[in-house]
Structure formats: C-alpha cells, structure tokens
Amino acid sequence: MKPESFWHIFINASLINNFVLAYFLGICPFLGVSGKKETAMKMGGAVTFVMVIAATCAYGINLLLIAVGAPFLQLISYIVVIASTVQLVEMFIKKMSPALFRALGIFLPLITTNCAILGLVLFQTNKGYGFLESIVYALGAGAGFTLALMLMAGLREQLDFAEVPEVTKGTVLTLLIAGILSLSFMGFAGLGG
Amino acid sequence: MGFFNFLQNSFKHGIHPAEHKNETKDLPIRQFPFAPLIILPTLQHTGIPSQIIVSEGQEVVRGQLLAKAGGFVSVPLHAPVSGTIRKMGYVPTISGKKVPGIYLESFPSSSQEVPEGKGIQVESATPEEILQGIQDAGIVGLGGAAFPTHVKLKIPEGKRCEVLIINGVECEPYLTTDHRVMLEQADDIFLGIQYLQKVTGAQRVIIAVEANKQNAANHLAGKVPREAPIKVQILPVKYPQGAEKMLVSTLLGKEVPSGGLPIDIGAVVINVATTAEIGRLLPHGQGIQERVITITGPGVKQKGNYLIPIGTPLRFVLEQVGTAENISEVYLGGPMMGTAVANLDISVTKGTSGILVFPETEIRRKENIYPCIKCGACLDACPIFLNPSKLGILAKAGAHDEMAEKYHLMDCFECGSCAYMCPSNIPLVQYFRLSKNRVRKRKASIT
Amino acid sequence: MLNKTLNISTSPHAVQGVSTADIMRNVVWALLPAAFFGVYAFGLSALFLLITTTVSAVLTEHFLCRFSNKESTVSDWSAVITGLLLGMTLPPNFPLWMAFLGGVISITLGKFIFGGLGCNVFNPALVGRAFLQAAFPVAITTWYPAFLPDRFSTYSVATFTLPFMEPALDGFTGATPLAAFKFSHQATAIPELALGLISGSTGETCAVLIILGGLYLIARNMMNWRIPASILLTVFAFCGLLNLINSELYPTPLFMLFSGGLMLGAVFMATDLVASPVTPLGNWVYGAIIGLLVVVIRIWGGLPEGVMYAVLLGNAISPHIDNLIKPRVYGTGKR
Amino acid sequence: MSVPAKTKTGFLDSLEKSPATDIFLKGLWRKNPTFVQVIGMCPVLAVSNTAENALAMGLATAFVLLMSNTLVSILRFVIPKQVRISCYILIIATFVTMADYAIQAMSVELHKALGAFISLIVVNCLILGRAEAFASKNTVETSVLDALGMGAGFTFALFCLGAVRELLGNGSLFGIAVFPASFQEWVVMMLPAGGFFTLALWLFIFNAVKRAKQNKERGKALP
Amino acid sequence: MQTMSQADTTEPTISLKMLKAMVGIGIVCACLIALTFEYTLPRIENLKAEALNKAISIVIPGMVTKKTFGVDRNNNLLEVNNKDKSPHLLYAGYDENGKLMGLAVEASGIGFGGVLRILYGYDPEKQAITGFHVLESKETPGLGDKIEKSSDFLENFRALDVSLNEDNVTLKHKITVVKNGAKKNPWEIDGITGATISSRAIGNILADSTRQMAPLINRHKSNLEKN
Amino acid sequence: MTILTALAVLGCLTFLLAFILIVANKKLQVREDPRIDAVEQMLPHTNCGACGYPGCRPFAEALVSGKVLPGKCSVSPDEGRAAIAKFLGVGIGAEEKRVARLACGGGNNVALNRARYHGIQSCQAASLVSGGGKGCFWGCLGYGDCEAVCDFNAITMNTFGLPVVDIDKCTACGDCVEACPKDLFSLHPISHRLWVNCKNLEQGEAILEECQVACTACGKCAMDAPDNLISMINNLPVVDYSKNHQTQIPIQRCPTGAIVWLDDKLGIIKGAESKKIIRKGQRQEGIS
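Residue numbers (the working numbering), protein chains in the order written: chain E, 1 to 193; chain G, 1 to 447; chain R, 1 to 335; chain F, 1 to 223; chain L, 1 to 227; chain A, 1 to 288.
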C-alpha cells in the first residue's frame, strides 16, 4: 500500500472527511456548544488537545494489545484509557495552571464521552497509521472539528438577531445549517489527491 | 458605494442631501412682530435651568433679567419684550417635558427699546470679565445645540487653544440664518472674534463657510481687518460638516478623540451667529432677546429670515407668516436633526435656528420598513465610522449594553446620515437615541 | 388652519429615495442581459428553465409567507433575484422538475428557515444550487451545446422529463472550458470565453454582459464594488503567480477569470448583501478568501468548478469577518 | 408523513394506563430519545442511509441498552457513587464488544456498512444517560422496561430516517425497489448533508405536530 | 477537626469499595468479552474467508482453489499463511486441475472522497487485467460508485493490456484513462461521464500497482504456477 | 488462554482506573454547602431580581448564610416561602405583598392626543419624539412597553390603551417601573388603596382640555382627609401612608376622579362627585 502523505492525512481529516460534517462524530457538542464563539473556540481547543493525547495513548495500547494477543479488548481498553487519561489531564491542569483549567476544564468531562475522540482512535487503528501519522490525523481531525464548530457558532450568533420562525428555531435550524455546511464542504472533495 | 467619495478634500463619509436653500438665502433679515403673550421656559439651553427672580404681576422692561443662571453650566434669561409677568407655571417645551417657566404679557404699544447696560470693552476687559459677560448675556450656541458658550470657552487646565474656528458651515438643508448673519452682521462677527480671541488666546482664526454660500464668504473675506490672523476658508458642500468634530477634521485633518472635545486637539469651534451675538451684545452689556430664524418649507407662505423675540409662541409665528391649509408637520431646526413639533403652544427658544412647515402633500414618509439587508450604505455615510447596520440589529434585539461596549454607540451624535441613506427605511436614529437613553439610565442607576 | 393634528416622527425627516425593493429590482434588470444571452445561446430550453426557477422561487416565497401568517414579501423582488440566479447557474437542459425543486429548496432552505430577507446567512440561490448539485450530480454536469441551429424551435429532451424520473440526457459532459482544461489541458481562447461562445450554465457564459450588469449597479450605487474587485483581483494575482511558476500546469489568469461561473459568482453571488460582510475592509478580506478558495478548488480540488462552494464557504465565514474587522471609529486612534 | 403519527398517538393514548406500558411508551414516544430528547445523534445520522442499516444499528443499540440497563440496575447497590461512570462505561463497552462480534458473525457485509459506528455505541449518550438517570435508581424490572422503550424509540427513529433516506436516495426500501426503474435517485440523501436534512425534517414534523396539539388543547381550554 | 477525623475513618473503606467494585466489574467484563470472542471467532474467520474468496472469484472467474502470497522486503514472492501480515498480499487462483488462472492483487490509492482500496485480477498468461472489485471506497454514492456498477466501465477490464516490454521490467504502455467513448487502444480505460475523478483514480491505482507488480509476478511466474 | 489474557489486561486497567479515581476523590473534593442547591431548587427560577439579588442562586446563597429571610422573595407562593423557611429553620420574614401601581387614568377615551406619532411603536421611543404627542405631558402614552417588559404577564393594555395590573400575577419585580418613560409606575404594598391617579403638575382647569380625569390641584381631598393624611405638594395630593389611610373620605369630593380607591375586586372606585365618563370610544384627536 502506498502510504498517504501527512498533508493528505491532514486535509482529509479536517476538510474532505470532516469529523462533524461528514462522519457525524461529535454531533452532541456540535449542537450544544456551538452557540457562542468563545465557548466554541475553547471547546475546539480542548477537543484537539484531547485528540492528540488519545491518539498517542491509543497507539501505545494497540501495540501492547497486539503484543499480548488480545485485540478483542481494543474497544474496552480504549474507552477506559481515554476516560482515565482525560481525568488525569484534568487533575494535572487544575494543579498546574488554574487559568487554563478555567478556560478548558469545564469541557474536559464532556469530552470523555465524545464520540469524536473514540472515533478518531478507532479509525486510526483501522487505517493502520503509524505514530506520526496518528498525531497528524488527530491534529487534522481536531482542526476540522474546531473549524466546523466555529463556523456554526459564528452563524448562530448572527442568527440570534434574526427573525427565525418559531418552528425551525433551535435544533432544527442548527441541523439545517450543518447540512448546508456539509454541502459546502463537498467543494473540498478530491483536494490534495 | 461611496465610490467617488475620496475625491473630495473634506472629512470622510457623509452625505449630500438636497439643499433647498435658494428660496430664502437672498431674503434679508426682517424684524418679526411682538406676540401678545411670550412663553419663556427656564431651560432653553443644555445644562441646569435658570432660576426665576421675578414674581407674578411684576412689570419688566425689555432686556431685564428674569432669571439668573442656575450654576456654571447655565445662563440667565432676559425679558424679550417689555410687559407684565402674567403667570409662572409649567410651560411646554419641544422635548415633550414641561418645565417651569414664565408667561409674559407684552405691552401692546411699547417702543420695545433695550436699555443700555454696563458694557464690556474688548480692549480693556480681562478674559475672565469677557467670559462672565458672555454668561451674563445669556449666550448659548445658536447653531442648535444651545450649549452655554462660556462653558465651551473656558479652556481647561493644561490645554491650549491654538485655533479658533468660526462655524459658518450651516450644512442643514433649508436653513439660511447663518448665511444671512454673515452677509448682514459682518462687523459684529469680527468684533465677536476679537472677544473670543482674547478669551481663548487663539493665534489663528478660521471662518469656515461651505461653497454654497460663496457670496457670504467673499463678503467676510473683504471685511477681514488688516493684519488680523483670520482666514475665510471655503469648504465643499457636505452634510454633516457643521458638526464640530467633522469641521475640525476637515480643517485641521485631525480627529477629536472619542468622548473628547475639539479643545483636546487645540481647537474651539463657535457658531458664526453666536459670534455675531457676542460682538453685538457685549459692548452694550445687554442680554440676548431675539435671534434670527429661517422660516421656510413648502407649507409656508411668507418664507424668510426673521429676527424673532425669544419666547414667541409657534402658533403666533405661523399665523403671522401664513401656512398652507393642509399643514402636516412642523420642525424646529433643519430636516436632518430638527425636532418635529407636537404642540404649537411651545415657543421659539435660543436654540431654534429654523422653523420648517410641510403640508401633507409634501411628506414622503416611507412607512414600508424592510429588513436590514446589510447593504452597508449606512457605514459609508456615518461620519464617525460606526456600524449603524449592526447597531440597528442589536437595538432591535434590545442589546443596548453590547451596543455601547462593543460598537461605540455613545459616540453617535444622531446626525441622521445613516437613516437618510437606509434603503430599508429603518428608523436607525430613533433606535440609537432610545438605546443611548437606556444606557444612560442604566449607568445612572448603577452609580 | 392651525387646528390640525400634527404628525410627529423622529429625525431625519429627509430620506434619499432608493428603497430596498428598488435595489432588488435593479439587480434583476442588471441580470437580464446575461439571462437573455443565455436564452439566445441555448434557445427554448434555457427560456423554460429561467421561467421555471423564477416562478418556483416566487411561488414558494408567497406560500411560505402565507403559511407563517405574514404578509407576502414577494413585492420586494428578492425572490425573483434568487430564482433568476438559480436558473442562470444551471445547465440549459436541466430537467424542469429538478429546477422547480431547486427553486423551492433555495427559498425554503436558503432563506425562509433563517427568517426571510435580511436574515439569510447563505446566498439562497447557491444553497439551492448546492443541493441540486449534490442530489442530481449527473444532470447538473451534463452540458448542452450552445448555438444549435434549431434551438428556437426544439428543446432538449431532458427539459420535460416527468417529475421524479430520470432524464434521458442528451447533452455531453466534461466539455466546459474548465473541465476541458482540468481533464485534458485544453485552454479555450479568451475572446470566446469573454463573449460566451461556449457551453456552460445558462447565464454564466457571457462574461462581458455580466460585467456590464455589474457596472450598471455600481454606477447606480446599488452594489458593493469591493467584493467583485477583491475576488477578481485575488484570482488574477494568485493564478498569475502560479502561471508564472509553471505555465504548463496552471492556466493563465485571464482564462481563470472568464471561464466558468466566476464572473457571475463574483458579481452577483458573492455580493449578496445579506450574506456578505458589511464593513469595507471586511469586504476586501471576504473577496480575497473567496478568490483563494476558487483557485484552490479549481486547481487542486476534485471538481473543475469551485465558485459555488467558495461563495458558500465565504458566506459561512462572513460573520467572523464582521466580528473581527470592525470599522475604526472616529477619534479612537489608528489601529 | 404526519398522518401515521397522529393515529398512533391516539392509539397509544388509550394504552397509557398501566404503569408498565407507561414507562415503555415514554421511551418509544413521549420521551423519544432522538426526536424529543435529541441525544445520541451520531449513529442516527451516520448509519441511517438505508433502512436495513438503520434497523440493524437500532437493534444493536437497543440490545446494549437493555443489557447494560439490566446489569447496572442489578449492581446499583454495589457500585460506589464515585466510580459509577467508569463502571457504567466498562459494562457498556463490554456489551458493545459482544454486539460487535455478534454482528460480524452474522454478516460481514452488514458489519462493513455499519463500520466503526457499532463500536461508537459505547459513547452514545443515550445509553450512559439511561444508566445514570434511570437504571441506577430503579428496580430491575422497570429498568428493563425503560430500556425496551428507549431502545424501541431509538430504533423507530433510526428507521424513520433510514426509510426516508433510502426511499429518496435509492428508490428502494430494505433493498427492494419501490419506485419504477427510471426513478431519479436524490443522491444528496445518501450524503452526510442528507442525514442532517432528513433529521431536521423529522424534528420539524415532530415540532409541528406537538405545536398543533398544544394549540388544539389551548383552543379546548378557552371556551 | 471533627469532619477531618470522620473523613479519615471513612475514606479507606470507600476506596476499598471502589477498588473492589471496579476490578470486579473489570473481571466480569473480561470474561464476557473473551467468551464472546472465542465463541464467534471461527464463524467470523469463516465469513471473512468466504467474502475474500468471493471477491477473488469475481476478479478471477472460474477459480477453484487459491494460495496466498506475500511480498517480502527483497521483492520476493513467498507463500504465506493466513495468519501472517504482509503489506502486499497476492492471491493466486487455480482451476480444478491446479492450473494458474490468474492473480488477485490488492491495491489502493486516493480517490474523490478519500482512500480507495481495490482488488484486481491479473492474468500473467495474457499479461492483462481481468477485472477488479472495490474493497473500500468513500466515493460519492450514485456518481463515484459507478465504478462498481456501470457495466460499460467494467467492460474496460475484460482484458486491459498491461503487457511487459522485452526486458520484463517495464510496461509497454502505461494504463491511461480517456474521455468516455475515446478508447482506442487496449491499455486505455473509457472514463465515466460525471465521475471522471473516480474513474481516473481507478486508472491511477492500477497503473501504479501494475508497474510494480506485473514485473514481479512475471519474475516469479514459475513459483506461482507450482501447485 | 484468551480468558487469562483478558483477565490480566482488564484487571490491570481497572485497577489503574480505580486508583486514579480514588486519588481524584481524595484530592479534589469541592466543599460547597449542599443546602444552597436545595434552596435554589425551591426558588421560582425567574431570576427577576425583585429580592434585590442578581438572581435566584445568589439569593439562595444569601438565604443559606442567613443574611436574608425567605419572605424577601415576592415571586414565590406562600407555600414555597414556608417550605424554605422550614428547611432552613428560620422565620418566613413575611413582607406584605407589593404590587406595581400606575398613576394615570388618562386612557384615550378621556385624554387627547395632540399629534400623531410615527415611528417605533414603543413608549420609550415615542417619548423621545417631542414627548410622544399626547396632550398631557405627564400621561401614559399607551404603546405598552410595560406590558412587553412584564415577565409574568401581569400587565395588559385595556381598550383605552391604559395598562392594567393583575395584582395576583404581579410580583413587584420593578421592570415596569424602569420601562415607563413617564415614570408612572411605582411599587406599593397592596394595602395602599387610597391612590392619586394622576401626575399632572399644573394647577387649574386648563388641563381638563387635555385630559378629563386630570388632577386640577383643587385641594378638596386634602381638606377632607382626616388627620392631615393628604397634603398638596407641587400641585398634587400626596398621601402619607405612614398614617391610617384606610379611608374613602378623600375621594368623595374629587371633581375629576383623579384620586381613587383601589379595590381588589371592583377595580378603580371614584368618588360620588366625580364626573361620570361614559364615553366608550376614543376621544377625538385634538387640535394642536
């Protein structure tokens, strides 16, 4: 198999197959935390951060599981390790930098059960990415997630002042915008190929 | 959108409304008859109301002090006619609030002469005396804002006035009072400038006149006293060039800091009619009793520039000049920043620069308000570079605080350029006025 | 005489005469030359197509207003623009039932759900176009030859396909100048492109007429000239740079400017007042982003044309541009 | 499309008498996890491109939900409060892994179509949410009922989406052609955007029905 | 002080309880998973093998038995067991007489919507591609996935010429994709209208893969034919 | 073998996880008074600020810390306040229910409009345009800003364009007081029933041209009222509510009905001698 270039991995994860708009991963925070730009930015940052950490951990675990010969424990170990890592990170940040904790901390528990993280590590294992590739993939996915979240937040903030009809207010509108964004992102298809 | 704007040597942005000045600009100033009943509110200026010192039934002569200044930011009030104080009570004003005031019944057959007071001579008086004299004469900015002139002339500690700008721009459509004053009271103006120079210590004086008053500019330029550092400068016609900040930008190329005054960059701007009034009154120690007012508009029969006693009721004024049958709107001031009159029982005040009357047939009010299409016409019009489009959207949603904090709402001086340009007919100025009011109220309640 | 009830309102009491409906109506006038050229070049099919999209947009707008108990806003002409623009971006032999669907989607998804005129965050016509592109990718990339001799007496068989049925497409694919360049590296001559002697979408072929329409609007102060200027300049500069680096691989900037939907997109799509930033500097940035995206998608992307996606993405970014680039307020110091 | 919804409400209303059916129906209809609570959206959108995939996914989720709810309910006195989330995740992950292997053993094709989304059931907020909000506080029987109801509701919602998307996007239902061969497929329905649009459509219908019902009740209340 | 001492006395017991609960559940889970895995493993393997066989028999029609080969680091072809992993796997298909019918080769590349993995059949006798099967694709449904469905397109792969030069190292002609209806030579592929990128991607993948694999297979032809 | 591996791996993992959680449990416990949450749950969650705190949570904190008594929350029903008091073991600290009262009776059936206002339909906006065009400079403009601002739907505009306060729904949050540009609303204990229903500061009957129910400052109420209950200040009667004000005597001789008695059930009661206004429609728009 021809190895993909880092550039392509990044573009693919962030634009062409955007985690939110093409894979529907992380829809819950996408719907929930996309109301305000500031929170969206922080959430994006926190997710990207956790993604990189999770990708690193998952790479190690995968090696370990293959060595031990128990690939069937992949899922359960991933989720357990992600959950505990996030918790560790949370504790660590709280201790080291209270300011950072205030900025990112409230999102960390939310991220534990974010399918984007688990999806990332599962895809990364399925695709057989190496260590560096995994990191690039995580960065791309995080960037894509942040981009989608930010675009949505900007639009929603603007629509706060629009006369949105009652029947489409709320989730319906957000989903429809997400659909239009998803259509727009189709323009990136084939990029870097 | 504003594609051709940068060709002009003037402040940025702004608009070009139709001028409508031709009808009155060649009509000389005429004395207006005295109304049988004069109504004088004690708050004709910005600041603290004057304090009445006369009592009911008292007879007063023209020019007599009726009310003294209520504080530093206040001016006294003089009797515009000789007559009897009939009643004191609440009198209506253009702001829609009733304020304490005086009903003055004028003597039917009085010569209405003003007795001479203790004059202040420009050569001998100290700046402080002149300043006091200006306050005692009850002089306020006659351009429309009616801000006490002596407050403006009081140079704060540590600041220096380098240039004195005499504002003869008169950018409001229809109005020609300043135009006529410049043509007819040139001597008073130059005398006034001397007083002002002494008070402010300014080394340079610029008389700013818009190009549509070429004859006034020429007249003034011909009369400039020899070796006086006075320059008459002709400016391109543009609204709202008469606003202090815009005028300073046009002339000096500098911006007045947000929330600051022209003195912060070394300039003092005084209206040309105010200057003339200073030159006219101070040598005689008199108080202000009358002012020049342009009465015009499609609903007026005898258009013209009239010298009208302060306190003359609007109803009397309109009866004298005659109006069309179907009058619909009356404005005090020009069409851009003037106020619509709800009640003709209010009277002419020191700040009234014009009376505009429109019949029903001439009103082109656009009732059809479209949503904001974010065309940006307002941005290209706003002389202080606000974002009226965004401000309007926020105002509609009631986000007053956000408007003030993030979008400089409080810098808006309601010139109306945005609303003039808006193709969707959104009442932007009214929104801003409302929001400013709310913000001020909230700030006041916090402190 | 003075006993009448006066009317009071807030200042300013004078207004300049142009209303939003006037602007919208003039945009329609400005679009018409290019649309007529489309009809001239592609014949009856194009005429039917333009009528269908316009009618469907206007009807949808009308019924949605009725449905939500509002006064019909058809009279502000914005639905006409949307319908006409949508028709102009579709191939002339596009089946009418799909075009009708496109009009409905444009107004519903592109405008109504956001609250109607003034609230739409995307260009409605492009939302409809993007939906159609995703839904019927074959029909929308099947082009009809221009200047067929019998174009005014016959029409494409695809035009009157039954609703929901697959059209028997009689066009050909991959023959627009952009596709020809992308897949076969054949450049089309610039005069042909500029005059519209090529095949393509109904209203996008004649660049000259589109520019004329734009100039008319700019002269009447009804369009934001900064956006098209910025887009075209960016495309020209970026593509010129690439062409200088490798003229074999990358097309000439003029080819880029006059081919495909760039002219129509830059002049009439990206300038959708509501969905673009409002500040002058913001307009330049917005145009530059769209220009860059157009070149990137056209040259490196999988699709031959990217104007639609570039404009939609530009629309999505424009709230951020508005938020980040605010005009410097008078007296607040230089930034 | 709203017609079956209406008749169904009436039918369901008559059944809502016993507490057991009440719990079940709450999940299926009134508190439908997808249409009313709007949670667990990720698989709803991702694998609803055909009715078959949607149904399989729904059933898998329902299975995991049922098993984990049961186990959590059984163990509710054993698990300390501080570690409950971790324990729930462990339990859920176990059943998801089991479901994953079970589906693989049944059909490779189906497993390929569902892809990683089977594994992602672990992080479906619906399951963790029910474990936390219901199973950990209620008896085994009610927890089972709740899981059945929620599972059925979830499956129903997924099926609704899958059916519309497959019908328009492929002209078929469960792989059987519904429309004539010359039907023009709406490719967009198979794309991610189609998922967003279809879900929005269903939510819109639910909103509109709810609204109409409220208005009707208000109309009744007034006179 | 009082609360402190209370906390001191209760905490160890809580900690112990936590530990017990978690490890206990962990052990139960481990058992459940391991049992499921054990139980389903043979069936899954079977199904997978079946699917693979099916795919191979699509690209090598009439195949009866097969052998798996891998490419090692030195570009040698070795027979491998199912369990071993190798970056490149080849499957040699034989008829009932054990005669080599063709080879199924896995290849991948980047398509319109991401990575595209295919299995193609190669006939060393005819030096031609005999068919291909898409293993994994993210192409646009209804458009890009025509590469699997369009019979016109699949017709190209009846006998796509990949004959080698005399040196047995390089190909005579590179596989190229041409516009629909423009196919003239046996090494050209007729593109799909409207799915140009996807059909090109297939061509590119095949061209890349055959450039490497065709000489390799030819070199080890004898090795493969031994059955 | 598989089972053993699984056991080992998962055993280790869970052990590790449990360890982390135990550490977390020990190190990171936030000690916050749980009663705050409980009390907040019992509050009405309207965050109206009538209690003087910025919202329900800060009020709950203040309640728990004993700085304030539950009676301060005017929005809660009595049972709710009692429940909080019982929970915290404090007195209710009952305060008399207060309501917003309007000091204007000039609906469009009795008061004239001097000018027709065009623009944003809100009192605050209209009042900035020459006062809004109403003949009486002090009177209610009737665009219903108070109705719009009331979160409790306690204010409705009647057919004559005057706001009517539903005293059952009113929580005395003060939003209408702030919203009214003419300052016509004020908060009063519900027992204040003797009420001056006008804000006109002018003396004399001239005002009656503008509004038929205006106070003309005739002073009859002040004369009649026992115990100097009412004094005329600035041409308006002012009731001294610190005295016994449960009397209807002062309203009886009011010629215009500007001083009234507010009855919970019957609404506004005017004195016997006040003019009976029976006009049901809008008064003609006046001359200016």
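No lab work stands behind these hints, which were simulated from the structure alone. In this text the structure is predicted, and so the values were computed from the model without any measurement. It is possible that part of the hints are untrue.
[To be verified] Listing some non-contacts, in silico: residues in chain E with all C-beta distances to chain A over 10 Å:
#1 Ser5
#2 Phe72
#3 Phe123
#4 Ile135
[Said to hold, decoys possible] Using 16 Å as the maximum straight-line C-alpha spacing, the simulated EDC-like pairs for lysine to aspartate or glutamate come out as follows:
#5 Lys127/E - Glu136/L
#6 Lys48/L - Glu52/F
#7 Lys396/G - Asp160/E
#8 Lys4/R - Asp345/G
#9 Lys54/L - Glu109/F
#10 Lys436/G - Glu178/A
Each residue gets a CB set at the ideal place from its N, CA and C atoms; glycine is no exception.
Going down the list of hints, with the structure as the test:
no., hint, verdict
1, Ser5, "holds, 35 Å"
2, Phe72, "violated, 7 Å"
3, Phe123, "holds, 22 Å"
4, Ile135, "holds, 23 Å"
5, Lys127/E - Glu136/L, "holds, 11 Å"
6, Lys48/L - Glu52/F, "violated, 21 Å"
7, Lys396/G - Asp160/E, "holds, 11 Å"
8, Lys4/R - Asp345/G, "holds, 13 Å"
9, Lys54/L - Glu109/F, "holds, 12 Å"
10, Lys436/G - Glu178/A, "holds, 15 Å"
Hint check: violations occur at hints 2, 6; the rest are consistent with the structure.
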